[in-house]
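Protein chains in written order, with our numbering: chain A, 2 to 263; chain B, 2 to 263; chain C, 8 to 303; chain D, 8 to 303.
Honestly, the hints are just simulated from the structure, not real lab data.
Glycine included, every Cβ here is placed at the ideal spot set by N, Cα and C.
Watch out, some of these pointers could steer you wrong.
Stated by the list, open to error - From the structure, some residues in chain A lie toward chain C, with a derived Cβ separation under 10 Å:
hint	residue
1	A47
2	Y79
3	D176
4	N255
5	P256
6	P257
Unchecked claim - Computed cross-link-like contacts, DMTMM-like style, restricted to lysine to aspartate or glutamate with a CA-CA straight-line distance of at most 25 Å:
hint	chain 1	residue 1	chain 2	residue 2
7	C	K28	A	E23
8	A	K72	C	E178
9	B	K72	D	E178
10	D	K146	C	E178
11	A	K116	D	E178
12	D	K165	C	E178
13	A	K253	A	E224
Claimed, not checked - Here are some, though not all, of the chain B residues that point toward chain C, as calculated from beta-carbon distances under 8 Å:
hint	residue
14	Y44
15	L121
16	V156
17	R165
18	G169
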Amino acid sequence: MSYSLAELIISAGALVWRDDGEVLATGITPLPRLAASVAKSLYNPALMITDGECYFVEEPVPLGPRSAPIKVEGWAPYPRTFDNLWIGKRHAMVAPVQIDRFGQTNISVIGDHAKPKAALLGARGFPGNSINHANSYFFPSHNKRALVAGEVDFVCSAGYNPARYVQGKPPRGLDLRAIITNLCVMDFNGPNKAIRVTSLHPGVSFDEVQDNTGFELARVEGEIPTTPAPSAEVLAEIARFDPHNIRATILKDNPPGDRRAA
Amino acid sequence: MSYSLAELIISAGALVWRDDGEVLATGITPLPRLAASVAKSLYNPALMITDGECYFVEEPVPLGPRSAPIKVEGWAPYPRTFDNLWIGKRHAMVAPVQIDRFGQTNISVIGDHAKPKAALLGARGFPGNSINHANSYFFPSHNKRALVAGEVDFVCSAGYNPARYVQGKPPRGLDLRAIITNLCVMDFNGPNKAIRVTSLHPGVSFDEVQDNTGFELARVEGEIPTTPAPSAEVLAEIARFDPHNIRATILKDNPPGDRRAA
Amino acid sequence: MSKPLPLNKVTSLDGLVGQIKSGMTIGIGGWATRRKPMALVRALLRSDVKDLTVFAYGGPDIGMLAAAGKIKKLIFAFVSMDHIPIEPHFKNARQAGLPVMELDEGMAQWMLRAAGMRLPFLPTRVGIGTSIADNPMFKRVTSPFEDGEELIAAPALKLDAALLHVHRSDEKGNVLTLSPDTFFDDLMARAADKTLITAEQIVSTAELDLARNARYHPFERAIVTAVAEAPFGAHPTSAAPDYELDMAHLKAYAASAESPEVWASYRTKYVDVSPEDYLAAVGGADAIRKSPKAIY
Amino acid sequence: MSKPLPLNKVTSLDGLVGQIKSGMTIGIGGWATRRKPMALVRALLRSDVKDLTVFAYGGPDIGMLAAAGKIKKLIFAFVSMDHIPIEPHFKNARQAGLPVMELDEGMAQWMLRAAGMRLPFLPTRVGIGTSIADNPMFKRVTSPFEDGEELIAAPALKLDAALLHVHRSDEKGNVLTLSPDTFFDDLMARAADKTLITAEQIVSTAELDLARNARYHPFERAIVTAVAEAPFGAHPTSAAPDYELDMAHLKAYAASAESPEVWASYRTKYVDVSPEDYLAAVGGADAIRKSPKAIY
Numbered sequence: 002m003s004y005s006l007a008e009l010i011i012s013a014g015a016l017v018w019r020d021d022g023e024v025l026a027t028g029i030t031p032l033p034r035l036a037a038s039v040a041k042s043l044y045n046p047a048l049m050i051t052d053g054e055c056y057f058v059e060e061p062v063p064l065g066p067r068s069a070p071i072k073v074e075g076w077a078p079y080p081r082t083f084d085n086l087w088i089g090k091r092h093a094m095v096a097p098v099q100i101d102r103f104g105q106t107n108i109s110v111i112g113d114h115a116k117p118k119a120a121l122l123g124a125r126g127f128p129g130n131s132i133n134h135a136n137s138y139f140f141p142s143h144n145k146r147a148l149v150a151g152e153v154d155f156v157c158s159a160g161y162n163p164a165r166y167v168q169g170k171p172p173r174g175l176d177l178r179a180i181i182t183n184l185c186v187m188d189f190n191g192p193n194k195a196i197r198v199t200s201l202h203p204g205v206s207f208d209e210v211q212d213n214t215g216f217e218l219a220r221v222e223g224e225i226p227t228t229p230a231p232s233a234e235v236l237a238e239i240a241r242f243d244p245h246n247i248r249a250t251i252l253k254d255n256p257p258g259d260r261r262a263a
Numbered sequence: 002m003s004y005s006l007a008e009l010i011i012s013a014g015a016l017v018w019r020d021d022g023e024v025l026a027t028g029i030t031p032l033p034r035l036a037a038s039v040a041k042s043l044y045n046p047a048l049m050i051t052d053g054e055c056y057f058v059e060e061p062v063p064l065g066p067r068s069a070p071i072k073v074e075g076w077a078p079y080p081r082t083f084d085n086l087w088i089g090k091r092h093a094m095v096a097p098v099q100i101d102r103f104g105q106t107n108i109s110v111i112g113d114h115a116k117p118k119a120a121l122l123g124a125r126g127f128p129g130n131s132i133n134h135a136n137s138y139f140f141p142s143h144n145k146r147a148l149v150a151g152e153v154d155f156v157c158s159a160g161y162n163p164a165r166y167v168q169g170k171p172p173r174g175l176d177l178r179a180i181i182t183n184l185c186v187m188d189f190n191g192p193n194k195a196i197r198v199t200s201l202h203p204g205v206s207f208d209e210v211q212d213n214t215g216f217e218l219a220r221v222e223g224e225i226p227t228t229p230a231p232s233a234e235v236l237a238e239i240a241r242f243d244p245h246n247i248r249a250t251i252l253k254d255n256p257p258g259d260r261r262a263a
Numbered sequence: 008m009s010k011p012l013p014l015n016k017v018t019s020l021d022g023l024v025g026q027i028k029s030g031m032t033i034g035i036g037g038w039a040t041r042r043k044p045m046a047l048v049r050a051l052l053r054s055d056v057k058d059l060t061v062f063a064y065g066g067p068d069i070g071m072l073a074a075a076g077k078i079k080k081l082i083f084a085f086v087s088m089d090h091i092p093i094e095p096h097f098k099n100a101r102q103a104g105l106p107v108m109e110l111d112e113g114m115a116q117w118m119l120r121a122a123g124m125r126l127p128f129l130p131t132r133v134g135i136g137t138s139i140a141d142n143p144m145f146k147r148v149t150s151p152f153e154d155g156e157e158l159i160a161a162p163a164l165k166l167d168a169a170l171l172h173v174h175r176s177d178e179k180g181n182v183l184t185l186s187p188d189t190f191f192d193d194l195m196a197r198a199a200d201k202t203l204i205t206a207e208q209i210v211s212t213a214e215l216d217l218a219r220n221a222r223y224h225p226f227e228r229a230i231v232t233a234v235a236e237a238p239f240g241a242h243p244t245s246a247a248p249d250y251e252l253d254m255a256h257l258k259a260y261a262a263s264a265e266s267p268e269v270w271a272s273y274r275t276k277y278v279d280v281s282p283e284d285y286l287a288a289v290g291g292a293d294a295i296r297k298s299p300k301a302i303y
Numbered sequence: 008m009s010k011p012l013p014l015n016k017v018t019s020l021d022g023l024v025g026q027i028k029s030g031m032t033i034g035i036g037g038w039a040t041r042r043k044p045m046a047l048v049r050a051l052l053r054s055d056v057k058d059l060t061v062f063a064y065g066g067p068d069i070g071m072l073a074a075a076g077k078i079k080k081l082i083f084a085f086v087s088m089d090h091i092p093i094e095p096h097f098k099n100a101r102q103a104g105l106p107v108m109e110l111d112e113g114m115a116q117w118m119l120r121a122a123g124m125r126l127p128f129l130p131t132r133v134g135i136g137t138s139i140a141d142n143p144m145f146k147r148v149t150s151p152f153e154d155g156e157e158l159i160a161a162p163a164l165k166l167d168a169a170l171l172h173v174h175r176s177d178e179k180g181n182v183l184t185l186s187p188d189t190f191f192d193d194l195m196a197r198a199a200d201k202t203l204i205t206a207e208q209i210v211s212t213a214e215l216d217l218a219r220n221a222r223y224h225p226f227e228r229a230i231v232t233a234v235a236e237a238p239f240g241a242h243p244t245s246a247a248p249d250y251e252l253d254m255a256h257l258k259a260y261a262a263s264a265e266s267p268e269v270w271a272s273y274r275t276k277y278v279d280v281s282p283e284d285y286l287a288a289v290g291g292a293d294a295i296r297k298s299p300k301a302i303y
């Protein structure tokens, strides 16, 4: 069965919430959001998810214009968001602009903070999220501008950077899980929490990943597995949650999941 | 016009809120509550008052069984109570069991705290109230068991006791106003915030007040005024807010306001 | 691949009690005579659980646990039945030397908030100048800013379990509390490792009508451990608007503090019985529904 | 003795602006494109007030004030129009070197809470390990308990004035916010010396029906300074359920960041006009009421 790279990413992304138990699954930007939807639908029905505004919903809300009313099961206004995240009951997958070897990410500025070359969104809730609950990251373009050498320009979410902690010890709430890009899946289980490639998307080599990364990557022992193709069941769920095919607009030219098929 | 001692106390009590502006007026136990009702009705319509449960009401709610629905103008659940009192927007008149020369009061225990002779209510919100907003006190029986020598058995509300503060300085929120008893009206404007008799109820002498007080009292200069008799307007408002004449049951034998009339 | 089973947190009263172990620190929701999980408290009295450290804005919940000797230490700011200002069983226990930690009402919820935020402490002025602050459990913290003020560091009031009574719940633990006052049930739930809930009714998620009732939804289900249906489970306290407090029963309960014999007889009749027999003994559902609105 | 006059806090938009002085620190309620007091912001743009330190969960409120050169210093965690992720006027100002203090979203409301409790600071872990914590405005505080943890001491974010838009108010400043999300307007109001409010409608106290709408009542009137009626006062942001955001207008507004000339023309047409002319210029009341529900 053919599938797009976006679908592969969603399929791989869904797995990050599989064993989380009853937490809020937040996916920001369309692919992570679809991943969270699939995770709830197929792997972990205890997950809490929202309508993107301020309600918890029983079933994932499809992207874009809606043909059916949402099924509300709870209230999730912003004040509640912080109450919940401060007790750690959340796993978010977000899409930062930069990440460094410590897993520190940036969505605030490119360049100097006082007078940036590019002003972005601002740190939003990244600092609080990063030290309170599990976090995973998505990068649509795996390159050295996104996976940077040195430190990110402004550290919005904390990472495993001993220089930034008293006695080098990160807070117990810091829990970085996965990074999913257009090339591969990574985790933080390399030596000293180093970022480690755990699977390569079909047709991608480790060297290509390393060449497009600003810092040295660890790798799982032995041959690096290939990111598993989405099952028919997963593809059907993805289609159900994305009836307007917004997923086809996220990655440039909507490449196939197996680049050798292109 | 004849009036009861309870009515005199209510009338004098109402004056404590006159110049407070827009704050929550809380009167605990029937006479302070009636005093707050009169204050809002006649002197300071900006006062906020509650139904005794969790609503702000436009007009004072009469004591006891009600013949008309309450006119709600806001929500006052307990969480809101603390939000409000912590910014100081309140003046409470409460009825402690003991008070000492510093204005410290007690509603927790008589005797040793670990194994009290008499367990009372517990400190409730007295500690927080006392250092955040204005407080006045009512004592139905002015005697040495209530206005005690030394310190009260357990300091529930803070007073002007330098020994209990860093460098002797009470917090800026401490603001003790009036004490009203069955014998007199007092304030805290004696030397070094000492308790001072400002008016004597008709037929009461300063010596009688002093003889029934466990600590030395200051007095206003010159002849101590007599607590003014309630006006006809005040008496009418009291009757309106206390249609079941609960005020007649508070002081033993419901004495007249001018004891010489007995 | 077969889909995993949906969440179901429904259990019995005894199932809830089974989550409470001797020596735990528990918090009990509601306030004085309002929305107390009394059916759960009675079930706790029937169990072997003991040596509890208990925090509550206390009413007959605390009185009963104290009378039954379940409390090792009481954390409180008051124990009252509102119209009966001092809870008589609490008074007996306190005067017999029950170990206590006395707090201010507002400080108590602030300490719950600290626990619910996983912070070791929160600063406050509340307690300054009073005997409350003499308790060595409180430390001091100095503002590191220009003001340099010395404040009380109030430690987090962490709970092993929170016992709450709500109006409606679904099987997943989405709940509604419909009362006029919310009290601090939400902070207790966040401060607790386990949140154990009794509900007047367990209904479908759709029946909760949460799109309309969002503001009656006190906390997200992720912090709810288990739920048991307990109709009239707050009696003799109120679960307004479903029903008001039962003043006659509260007076009978208060009178049971007169002697160990009277308490034993109250206990036989109202505690050591099934919820169904309890309901019959207190006059039945219709009688409870007819209780007049309490005036405070 | 004649009874004193009842409270009346009603004024005009300009009356509200008159309470705001150059150099003040102000907070603006709502969130990004939701329930922003835009009519009041436009009135502020028409005034001589300048050199403001401004905190907001920012949207076009911040963009407009920045474009008009009213901001001396911006305190923020983001400035966004949701569907247009980065506010373009904010982006221009920021890249031109507008002085800022950047916070985390959750930390910001925690700092408002400190101010609303009159505390000098509150402890938090938020910011640890990030560039946010490099700002010397943050100090450190060590837990005086066994854990000995070092936490960030986040200073109180005290406001001279909070600018909020609500759905209904009476003359005394009893208000209702009917939106799906409450945001942090309540904390801003408590953190501020003055709370300045625009309301979709000013109605009688009875019409607020507060017995039924209690949970839509965000704070007590004692902290409300003044109220002005401003129908469609949140436009182009939403005041759901009264009306939704106006995406077409937000796009036109965003496009005005292209050059000073385009901004000047936007300003002439939509800012330097009376509220009545504004309403006509954006298509009238019926058009606003027909905006489709926004999807986030």
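Consistency of the hints with the structure:
no., hint, verdict
1, A47, "holds, 5 Å"
2, Y79, "violated, 13 Å"
3, D176, "violated, 13 Å"
4, N255, "violated, 27 Å"
5, P256, "violated, 27 Å"
6, P257, "violated, 24 Å"
7, C:K28 / A:E23, "holds, 23 Å"
8, A:K72 / C:E178, "holds, 16 Å"
9, B:K72 / D:E178, "holds, 15 Å"
10, D:K146 / C:E178, "violated, 46 Å"
11, A:K116 / D:E178, "violated, 45 Å"
12, D:K165 / C:E178, "violated, 44 Å"
13, A:K253 / A:E224, "violated, 29 Å"
14, Y44, "violated, 25 Å"
15, L121, "holds, 6 Å"
16, V156, "holds, 4 Å"
17, R165, "holds, 5 Å"
18, G169, "violated, 11 Å"
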